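Protein chains in written order, with numbering that gives the first Met the number 0: chain A, 0 to 246; chain F, 0 to 274.
Take these hints with a grain of salt, some might be off.
Residues from chain F that keep clear of chain A, each with C-beta distances beyond 12 angstroms, as calculated [to be verified]:
| # | residue |
| --- | --- |
| 1 | Gln13 |
| 2 | Tyr57 |
| 3 | Val95 |
| 4 | Thr98 |
| 5 | Gly99 |
| 6 | Val105 |
| 7 | Phe106 |
| 8 | Ser109 |
| 9 | Ala131 |
| 10 | Ala226 |
| 11 | Val233 |
| 12 | Tyr240 |
| 13 | Leu252 |
| 14 | Ala261 |
Chain F is faced by these chain A residues, among others (derived, beta-carbon under 7 angstroms) [what the hints assert, rightly or not]:
| # | residue |
| --- | --- |
| 15 | Ala53 |
| 16 | Leu55 |
| 17 | Leu73 |
| 18 | Pro75 |
| 19 | Gly76 |
| 20 | Ile78 |
| 21 | Tyr80 |
| 22 | Val87 |
| 23 | Pro92 |
| 24 | Met101 |
| 25 | Pro109 |
For the record, the hints were derived by calculation from the structure and aren't laboratory data. Since we're looking at a predicted model, the values are computed, not measured. For glycine and all other residues, C-beta sits at the position ideal for the given N, C-alpha and C.
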Amino acid sequence: MTGAVPAVEVHGLHVRYERVEALQGVDFDLPRGTALGIVGPNGSGKSTLLKAVAGLVQPAEGTVRVQGLPPRELPPGTIGYVPQVEDVDWQFPVSVRDVVTMGRYPRIRPFQRFSAHDHRAVARAIEALDLGAVANRHISELSGGQQQRVFVARAIAQEPLVLLLDEPTTGVDAATEESLLQLVRGLVADGLPVLMTTHDLDRAAEWFDRLIVVDRKILADGTPDEVLESGAYAGIREHTHTHGHRR
Amino acid sequence: MPDVLAPFQYDFMQRAFVVALVVGALCSSMGTYVVLRKLSFIGDGLAHASFAGIAIAYLRGANFYAGAAIATIVTALGIGFVHRRGKVSLDTSIGVLFTGAFALGVFLMSRAPRATVDLQSFLFGSILGVSAYDVAMVVGLALAVALAVAALWRPLLYTSFDPVVAQAAGIRAAFLDYALLVIIAMTIIVSLQAVGIVLVAALLVTPAAAASQLTKRFVPMMALSCAFGVFSSVGGLYASYELHASSGATIVLLATLVFFAALGFNAARRPRRAP
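One chain only, chain F, in its complex shape (with noise of 0.2 angstroms):
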């Protein structure tokens, strides 16, 4: 066998390259959206939030996704409930929720006896321990997302571009604004295993932010955004194993460095202003 082909004669690296590629297409795409409503916050707090559901799941032995996914989805709807509510501006609304939930979780955390090993990979990630079972429902969690989005993403981006008169046209803005932070809640917790709680809000955002200074069309961009975010998490992952190195660390370092390539690109084909 190849050298270059060495880490996928290990059935744990198969996996990887598996959760790896449907994480990196599916937080990617998402990200589009992320970043045109400038819900770039909204990412690191949703994932912090889960920490509570992971943290009471692990201690009861119930199951991760479940816990994840109550947590995320509730801290999501409550976020959407406060700033709609409350009259609370939404990053404000964001950063109560997201800091309370996580507080929670370590809370519960400090006081169980030997988590502290285990808090390291619901950090960080752990892509080379997943199991076959983590591989189906990162998966199936995964096509349900691309489902609703496929349902759905024209009034998302109607009310993206200008939720008032998409609003008056009939399109339910407030319906969409809940449906999409459950579907930003969900892509999270595809996520978690791959580049942990810390990491992932970077893979949510960064490749985006990199599409966006490429072009100025939304589906070109979408398309950009999914490219770029394979690339990192599948050859961050690569580079992860030939460097020793951590692999969430890894994947989201490669997307960075893709960001400010896209950035020098942009700069460098603009026509200089006159002085």
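Bound-form chain A, shown alone (with noise of 0.2 angstroms):
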């Protein structure tokens, strides 16, 4: 039954936000063990999206599902989520190691102890960053690169059924963005679905199984390739460009 069920489906879903209306009718399926890319421009509606799937922004109308649930009705520990930025206080008393630990603690129920799979998932998920050699620093001596490293172990070590990247490619460095394709072509070759927001059309045969541009709908649908010929995503920059911001 699971099996036949999408890791997430989006129906008609419209988000507002005060008076503009972000995202106007969008519909999408996810099924398992595929990496499903989302390209649009500034103010698309990208990272709504996926706030929308993390339960973070609750839908003016539509419906999304996540294993078949309402993202809040999930049991503790099935999304994964890494933000674009990561707005937190660096002064914050955690090391690296902390805050990959964090990522246990949605399936830790109170006074349970962390068991050897627990300290298991997170040690992997430090190494599967390579993050190793900085696991005891304190976050506010990372570089940026590093930073962004932590917060997506963090993500993998809840190991968790549906994994949602908000651009992690943005200001980071090469390797980090190598190693990041990596990780996720690996981990969505176990059967993990990944929905991830990008900027970088150039390389997104290699990161994505499919591809949607989103510019509050969806304007085309299909592998990376095709999406990339049809012209729809050229089409919306050269339309911007022309008539400037439309707010």
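Starting from the two chains in their separate frames, assemble the complex, guided by the hints.
Written out as structure tokens, the structure reads:
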């Protein structure tokens, strides 16, 4: 039964902030073991779409189902989310290992102790993101690329059933980008569904099995090559360019 | 009996030291969350709000703890509600609700005859006047708070650091925000007898602020804060006996001294920047 239900189903999704309609009727499915890329210009609602799937913003209309359930009714630990900008207090008293360990917290019940599996999941995530050398450092002592990897590691340590990444490659060095690509492709090969926003069209075919172009609505949906050849993305860029910002 | 133990020969002093120990440990441990969530103002707010409940309980001859607990917890939940639903910033929400509740307490007290004498003990504490019943209440409430924190410390830490991602991962951030407010409210009620309404916020904030100068890890910060809190409250009580001074004020002054010592130590061990 669970095999038949797509990991993520979005139907007729509208999201409004005050008077701005960030999303105007979005439909797509994300099967297990698929990496779906979301591209679109700034302000196109890409991040909002991820937040709606994460249950952080409520749909004004339409439905979001993850593993067949509304996001807020999911068992804790189901969704791993890495936001575009981590708006945290960098002086907060936690080390790299402490932050990655938080990934296990949703799965730990009150008074429950960390199991051997919990410890292994944290250790594997630290290793997968190549953070072993800085694991005991305070988070304020990291470079931008390392900081981004810490938050990806936390999401991986959680062992989520769906992974949401909001522009994880923006502002990171080439080596970090390459290791993130390898990591994501490895997780997808193991069956994890991944939903990720990006600006980087050049490497879309390496990252994703499927690509959607979003500008409040879905303008194109298909394999990365199909979508790029269709010119849908170039079209909206042209449009935005000639008509200025539409807000 | 040697002179140093002189204070302990009195039953009322023994009770006072038990309360000081419990309050010092509890306030300063909870203070770690208060400082990390930048909620320093809320200690002040909830303590003042408790005055409405204390006044009503006093005038009706009802139970002090019940009155304080109801007023403080209602205000704590009200602050959370106004903040979340009214889209009012948290400090504004605290500012509006605590002054309102405090004013209600003063209003009620001012209309009552012979109220001014007791007002002093509410505002500045009366740790030397605690009864065996007070000790039992303080210890019982403190155990309840400690149990709640033992159950929730991990999700509380996650939502304190990164509430958005914690919520996406399925941690109920709104529930935890309210739970923390209630836990802080109960901590304040436990501490009112010791240091009083005016000074309780200091015991909630100052030891944790001192600890944050000395460590960059959460669990050591909580442990250090707890040690500073116990040192300040027990040491302050002892010093107040020797100095014939107000115990609440002496406790808070000692905590303040510890904070500046930690600040000085931190500044001294950091290498100076090259000019």
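Cross-check of the supplied hints:
1. Gln13: The claim holds: F:Gln13 sits with its nearest Cβ about 33 angstroms from chain A, beyond 12 angstroms.
2. Tyr57: The claim stands: F:Tyr57 keeps its Cβ more than 12 angstroms from every Cβ of chain A (closest is about 37 angstroms).
3. Val95: holds (24 angstroms)
4. Thr98: holds (28 angstroms)
5. Gly99: holds (29 angstroms)
6. Val105: holds (37 angstroms)
7. Phe106: With a cut-off of 12 angstroms, F:Phe106 remains clear of chain A, as the shortest Cβ separation is near 39 angstroms.
8. Ser109: holds (42 angstroms)
9. Ala131: holds (31 angstroms)
10. Ala226: At roughly 16 angstroms from the nearest Cβ of chain A, F:Ala226 sits farther out than 12 angstroms, so the non-interface label holds.
11. Val233: holds (25 angstroms)
12. Tyr240: holds (35 angstroms)
13. Leu252: holds (26 angstroms)
14. Ala261: Its Cβ never comes within 12 angstroms of chain A, the nearest being 14 angstroms, so this holds.
15. Ala53: holds (4 angstroms)
16. Leu55: With a closest approach of 6 angstroms, the A:Leu55 hint holds.
17. Leu73: holds (6 angstroms)
18. Pro75: holds (3 angstroms)
19. Gly76: At 6 angstroms from the nearest chain F Cβ, A:Gly76 passes the 7 angstroms test, so the hint holds.
20. Ile78: holds (5 angstroms)
21. Tyr80: holds (4 angstroms)
22. Val87: holds (5 angstroms)
23. Pro92: OK, holds: A:Pro92 within 7 angstroms of chain F, min 5 angstroms.
24. Met101: holds (5 angstroms)
25. Pro109: holds (4 angstroms)
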